[in-house]
Structures are given as structure tokens and as C-alpha cells.
Amino acid sequence: MPTTTIAGHQVEVNDEGFLTDPSQWDESLGAELAHMIGVDLTDKHWAIVKFLREDYAIMGETATLRRVSTQTGTAVKDLFTLFPVKPAKKMAYVSGLPKPKGCV
Amino acid sequence: MSTDTQAPDTMTTPIMPSFDSGPTDRKLAIICSKGNLDMAYPGLILANAALGEGIETHLFFTFWGFDMINKKTMEHLKFSFVGNTAMHPPGHFGMYMPQTLGGLPGMTHMATAMMKKQIAALDVPEVPEFLEMLAASGCHMWACRMSADMMNLVEDDLYEGVEGIISATDFIELTDGAQLLFI
Chain A
14 MPTTTIAGHQ
24 VEVNDEGFLT
34 DPSQWDESLG
44 AELAHMIGVD
54 LTDKHWAIVK
64 FLREDYAIMG
74 ETATLRRVST
84 QTGTAVKDLF
94 TLFPVKPAKK
104 MAYVSGLPKP
114 KGCV
Chain B
56 MSTDTQAPDT
66 MTTPIMPSFD
76 SGPTDRKLAI
86 ICSKGNLDMA
96 YPGLILANAA
106 LGEGIETHLF
116 FTFWGFDMIN
126 KKTMEHLKFS
136 FVGNTAMHPP
146 GHFGMYMPQT
156 LGGLPGMTHM
166 ATAMMKKQIA
176 ALDVPEVPEF
186 LEMLAASGCH
196 MWACRMSADM
206 MNLVEDDLYE
216 GVEGIISATD
226 FIELTDGAQL
236 LFI
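If you're matching them up, the sequences are chains A and B in order. For the first sequence, the numbering used here assigns the number 14 to the initial residue and increments by one for each residue that follows. For the second sequence, the numbering used here assigns the number 56 to the initial residue and increments by one for each residue that follows.
Here chain A stands alone, though its shape is the one from the complex (with noise of 0.2 Å):
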């Protein structure tokens, strides 16, 4: 399993680049995964990044879009908005978890 060090912090990644121990991820490793990949993060990001960070401590699997968008109340447009163009796949790798598994 690669490192890779991001602003300072040193990570576990798999070959794609996303983060393989979500226990290495913190707020600010968060907000600098997501100026990497040019997304400025408000605080109607934050809330998504929260909900995926506690919803995996529960369930054990990164939510797909529409439970984000069920579970959050956020429209799926909002979603593509916030995360342009491949929202569950960024929405995951800002929380620093991996990609979603779920088909829907």
C-alpha cells in the first residue's frame, strides 16, 4: 500500500489515490484534499464531508449519492454543484474514505 504525503500529512493511499485508514484523516487534511482537486469547501460542504464521516463510522461503507442526498435532505443537483461532475467519488476522497461501493 503506497504513501503519500499531503501537506504535511503522511497517509496510507491505495493505488488510486484514496485513503485506505479514514482514522488518518482530520479537518485539515480534508479541506487540503479538497483544494487538490480544486473544490473550496463552505460549510454546506462540511456538513456532506460530517455526514459521510459518520455514517461510514456506522455502517462501515461509504454512502452512495442518493443516501447523501436522502439522508442529508441535499437534492442530488445541489450534490453535482457542490462536487462538480463526480460528486460520490470527491465527496468520498475530501472525507478521506474510500469510493462508494452501492450501485445507487
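If you're looking for bench data, these hints aren't it; they were derived computationally from the structure. Take the hints with a grain of salt, since some may be wrong.
[Said to hold, decoys possible] The list that follows gives simulated cross-link-like pairs (lysine-lysine, BS3-like), each with its CA atoms no further than 25 Å apart: (1) B/82 <-> A/90; (2) A/57 <-> A/112; (3) A/90 <-> A/57; (4) B/171 <-> B/89; (5) B/82 <-> B/127; (6) A/90 <-> A/63; (7) B/126 <-> A/90; (8) A/63 <-> A/112; (9) B/89 <-> B/133; (10) A/114 <-> B/172; (11) B/126 <-> B/171; (12) B/171 <-> B/133; (13) B/82 <-> A/114; (14) A/114 <-> B/133; (15) B/82 <-> A/112.
[Stated by the list, open to error] In silico negatives: residues of chain B with every beta carbon more than 10 Å from chain A: (16) 89; (17) 126; (18) 148; (19) 164; (20) 209; (21) 223; (22) 236.
Computed from a prediction, not measured in an experiment: that's the story for all the values here. Heads up, the beta-carbon is just placed ideally off N, CA and C, and yes, glycines get one too.
Got chain A; can you put chain B on it based on the hints?
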């Protein structure tokens, strides 16, 4: 493989996923030609997956697929296991349902209810809500001109997310360069 000529991973550019900044030039077109509940989902699920990858996605509804976008039928798609020899009771692989059973009164209703329950258990939405989700994700939806004429349907009869009733030629034109699935 030797890595001693390379700097340690930790010293190199951070390893990060390649999300690309803009949409890809990949394009997907799915022709939805079936109105059975079980045959409605493959197109919807694949479209949803493609949209989540930033792929321009077009759904073209034709013939029985019109039941997926007809306001009067979209909530009421049915599943029957008549003609489906792969049907087995949930969790009982290897046990098959006699085909004649599927033809009994009430059996389609029961099989439909059972399938809807299984789909809902996975938090997968019913067809109208699924279409809403796809529309919100930027999916393009089109209805087939010939089917509309055959069934005497106009745009007002169809789900609002459908952008237009178009001819086969129009569809071929607008899906230039697209990958295509017929379901």
C-alpha cells in the same frame, strides 16, 4: 522490481485520484424498450452510474419503454415470472417456480410487490423518483415519435423530465459518437 533509483513515495508528488476537471467526452445512450418492472431498472441504474462519472447520458424511451415515462403507468410497472425460467423464490436458488403458477390470478401482483420490496430494501427508488434523480443529475431523456403516435400520446402525457418526442433519425444524430445500449 527495484525502486532504489526512485525517491521514497513520501517525497514525490502526492498520489491522488485523477478526477479530471471537466466532463469527459464519453457519451452513453440507452434505449429503454421494455415496460416490465424488472426491465426498467437496468437502464436507470446504468444511467445513474454514468452520470455520476460525469458522462453525458441520453435515455431514449420506445415502445413498451413508454410505460416508464407515461404519467399514468410509470408508478405501476409490473413484474411477472411467466416466460422467465430463472425465477426462483427469494433465497432459494435451484428451486424454480412452475410457469403455470405465474399465470394464476393475483400472481403478477404478488410477484411485483415482492420485487418492489426487495428493491426498496436496497434504498433504490421507485421508477418516478428514479427519473427525478436522473433528471437532477443532468440526464437527457427522449421519447420515440413513432411510439407516441401509435399510442396517441403527447408530451403532456409524459414525465416532465422528457425533453421532447423525437424521431429515430433525431436520436441517431444527437447520439453521434455515443456508446449505445439497447434494453
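Verification of the hints:
Taken as a hint, the residue 82 of chain B and residue 90 of chain A pair is honoured in the structure, with Cα atoms around 20 Å apart against an allowance of 25 Å. Annotation: proposed proximity of residue 57 of chain A to residue 112 of chain A holds, straight-line Cα distance about 20 Å (limit 25 Å). A distance of roughly 13 Å separates the Cα atoms of residue 90 of chain A and residue 57 of chain A; the hinted pair therefore holds under the 25 Å criterion. About 17 Å separates the Cα atoms of residue 171 of chain B and residue 89 of chain B, which keeps this hinted pair within 25 Å; it holds.
Restraint check for residue 82 of chain B and residue 127 of chain B: the C-alpha separation of about 30 Å exceeds 25 Å, so the hint is violated. Between residue 90 of chain A and residue 63 of chain A, the direct Cα distance comes to roughly 19 Å. Compliance with the 25 Å bound is thereby established for this hinted pair. Among the hinted pairs, residue 126 of chain B with residue 90 of chain A is consistent with the structure: their alpha-carbon atoms are about 22 Å apart, no more than 25 Å. Distance hint between residue 63 of chain A and residue 112 of chain A is fulfilled; the C-alpha atoms sit about 16 Å from each other, no more than 25 Å.
Using a Cα cut-off of 25 Å, the hinted pair residue 89 of chain B and residue 133 of chain B holds, with the two alpha carbons roughly 11 Å apart. Straight-line distance between C-alpha atoms of residue 114 of chain A and residue 172 of chain B comes to about 21 Å, which keeps the hinted pair within the 25 Å bound. Simply put, residue 126 of chain B and residue 171 of chain B have alpha-carbon atoms about 19 Å apart, close enough for the 25 Å limit, and the pair holds. For a cut-off of 25 Å, the pair hint linking residue 171 of chain B to residue 133 of chain B stands: about 9 Å separates their Cα positions.
Between residue 82 of chain B and residue 114 of chain A the alpha-carbon distance is near 23 Å, which keeps this suggested pair within the 25 Å criterion. Proximity of residue 114 of chain A to residue 133 of chain B is assessed by CA-CA distance (about 28 Å); at most 25 Å being required, the pair is judged violated. Between residue 82 of chain B and residue 112 of chain A the alpha-carbon distance is near 22 Å, which keeps this suggested pair within the 25 Å criterion. No Cβ of chain A comes within 10 Å of the Cβ of residue 89 of chain B; the nearest lies about 19 Å off, and the non-interface call holds.
For residue 126 of chain B, the condition that its CB be more than 10 Å from all CB atoms of chain A holds, with the nearest at approximately 21 Å. Distance check for residue 148 of chain B against chain A: the nearest CB is about 21 Å away, which clears 10 Å, and the non-interface claim stands. A cut-off of 10 Å between C-beta atoms confirms that residue 164 of chain B is not in contact with chain A; the least separation is 25 Å. Remark: the non-interface label on residue 209 of chain B is consistent with the geometry, its nearest Cβ contact in chain A lying 27 Å away (cut-off 10 Å).
Here residue 223 of chain B stays apart from chain A, with its beta-carbon at least about 30 Å from theirs, past the 10 Å limit. At the 10 Å boundary, the C-beta of residue 236 of chain B stays outside the reach of chain A, the nearest C-beta of that chain being 16 Å off.
Of the numbered hints listed earlier, those contradicted by the structure are 5, 14.
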